[in-house]
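Taken in order, these protein sequences are the chains called A and B. The first sequence maps to residues 12 to 227 in the numbering used here. The second sequence maps to residues 12 to 227 in the numbering used here.
Some hints here could point you the wrong way.
Unchecked claim - Computed cross-link-like contacts, DMTMM-like style, restricted to lysine to aspartate or glutamate with a CA-CA straight-line distance of at most 25 Å:
#  : chain 1 : residue 1 : chain 2 : residue 2
1  : A       : Lys55     : B       : Glu201
2  : B       : Lys198    : A       : Asp52
3  : A       : Lys198    : B       : Asp39
4  : A       : Lys95     : A       : Glu41
5  : A       : Lys124    : A       : Asp39
6  : A       : Lys55     : B       : Asp179
7  : A       : Lys95     : A       : Glu46
8  : A       : Lys198    : B       : Asp52
9  : B       : Lys21     : A       : Glu54
10 : A       : Lys124    : A       : Glu159
11 : A       : Lys198    : B       : Glu54
12 : B       : Lys198    : A       : Glu54
13 : A       : Lys198    : B       : Glu28
14 : B       : Lys66     : B       : Glu46
15 : A       : Lys21     : A       : Glu73
16 : A       : Lys198    : B       : Glu122
17 : B       : Lys198    : A       : Asp39
Keep in mind that the hints were calculated from the coordinates and are not lab data.
Protein chains: 2
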Amino acid sequence: MNSNSSSSPKVPIPTLERLATYLRFLIDLEAAQVETISSTDVEKQTGINAAQFRKDLSYFGEFGKPGVGYNVLELQARIARILKIDQLQPIMVIGAGNLGSALIGYPGLTEHKFHIAAAFDRDPAKIGRPQGDLVILNEADVREVNAEIGARIAIICVPAAAAQEVADTAILAGVRVILNFAPIILKVPERIVVRNVSFLQELAVLSYHLSGESQK
Amino acid sequence: MNSNSSSSPKVPIPTLERLATYLRFLIDLEAAQVETISSTDVEKQTGINAAQFRKDLSYFGEFGKPGVGYNVLELQARIARILKIDQLQPIMVIGAGNLGSALIGYPGLTEHKFHIAAAFDRDPAKIGRPQGDLVILNEADVREVNAEIGARIAIICVPAAAAQEVADTAILAGVRVILNFAPIILKVPERIVVRNVSFLQELAVLSYHLSGESQK
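Same shape as in the complex, but just chain A:
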């Protein structure tokens, strides 16, 4: 994953990524009615070692009690607050193909206070089609629609050739951060944060781990 950011968060990106992992784990624990956990439990369940977990939390002050562990609900609320997902966050999805559709229906969004508020496409065959609780809107209306919904997060899942144009439009419409699935590097103003998810990059990193076996 690449993240190019102009803002300079004090917290390293890998820590933020792990915090998001802890949060998902804590939401599962809440659902399972678990009340308290230890850092050793975290290690067993997430694969992130206990010392790393404690270090990640140490950025944000005091957590947990020695010998008692961490209160699941309290820790969950504090991590959500750190990640700024303690209030409902509207999101726009641009590109309603298979990937966009998968994201619109992705489980767990609501528990994380994310709300796909609108989905757009430029294909006349898709515009007006129901998708989950939404109706696919015309990509030409991104600015107009966002004046109402106020999404500051956009997920871009259009083909590479269209991605820069829709990113520009989303930014003009008030979007501040972009999750980009298109396999191109977007040019954005400095204040805009982009994270790129590249399936090819993920596969390439995995492929490396087949070394030895594959090269004999």
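Starting from the structure of chain A, add chain B where the hints point.
Same frame as chain A, now just chain B:
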């Protein structure tokens, strides 16, 4: 992104991720018939700074010529070799919903020598359905099919509740590395490498960057 790996590659994961970014960039340059690039070009186009680029390459010996730059084809071939994607790599996709379908049709797989050789689902309505060049196969036949196609990479895009079971099956069928899209932490033997792609994690990290604006 989390990557839990038991093998101990000498090259750090972030370097591998950047190598995959360079590779994609070089493939684009080849298509555009560009013959030579400088590390400054790389910085301009990928956002990864020139010094980082040179440092990443330095793990693997001598590249490029001072004042001349890097030969696009040569550098592409060497990075592909480092990432072990210099030979066609069969992949199985388990779960043929929207996300699986998006992956099966994902552009650029062939250029990276990845080949989705089989796609599986357990839904009788999906089994037998054509999907791109494939026909969706029965998930119950993973082992039998893989005895023929020899995939060592599996992409798991089934719901969380089914993911551990299909991972176990894939591993029994000979899979060595897994790209997991299901929002659970898979339990796998030490020799198996898993990379998790979590849309929620990506969104949570982006959400953090909305701080200040969102909290006033």
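> Given the proposed pairing of Lys21 of chain B with Glu54 of chain A, does the C-alpha separation stay at or below 25 Å?
Replying inline: At roughly 24 Å apart (the allowed maximum being 25 Å), Glu54 of chain A and Lys21 of chain B satisfy the hint.
>> Does Glu41 of chain A sit within 25 Å of Lys95 of chain A, going by the straight-line distance between their CA atoms?
In response: Distance of about 19 Å is within 25 Å: holds.
> Holds or violated: Lys198 of chain A with Glu54 of chain B, Cα cutoff 25 Å?
Replying inline: holds, 12 Å
> Hey, Lys66 of chain B versus Glu46 of chain B, does the alpha-carbon distance stay inside 25 Å?
Replying inline: holds, 22 Å
> Can the restraint linking Lys95 of chain A and Glu46 of chain A be considered satisfied, given a maximum Cα separation of 25 Å?
Replying inline: holds, 23 Å
>> Tell me if the straight-line CA distance from Lys198 of chain A to Glu122 of chain B falls inside 25 Å.
In response: Holds. Lys198 of chain A to Glu122 of chain B sits at ~24 Å (cutoff 25 Å).
> Regarding the pair Lys198 of chain A and Glu28 of chain B, is the alpha-carbon distance no greater than 25 Å?
Replying inline: Since the Cα atoms of Lys198 of chain A and Glu28 of chain B sit roughly 20 Å apart, the hinted pair holds (cutoff 25 Å).
>> Checking one constraint from the list: CA of Lys198 of chain A to CA of Asp52 of chain B, max 25 Å. Satisfied?
In response: holds, 14 Å
> Taking 25 Å as the top limit, are the C-alpha atoms of Lys55 of chain A and Glu201 of chain B close enough?
Replying inline: holds, 14 Å
>> Please verify whether Lys21 of chain A and Glu73 of chain A have alpha carbons no more than 25 Å apart.
In response: holds, 17 Å
> Is Lys124 of chain A close enough to Glu159 of chain A, meaning Cα to Cα at most 25 Å?
Replying inline: Satisfied, since the Cα-Cα distance of roughly 19 Å is no more than 25 Å.
> Between Lys55 of chain A and Asp179 of chain B, does the CA-CA distance stay at or below 25 Å?
Replying inline: holds, 19 Å
The earlier numbered hints are all upheld by this structure, with none contradicted.
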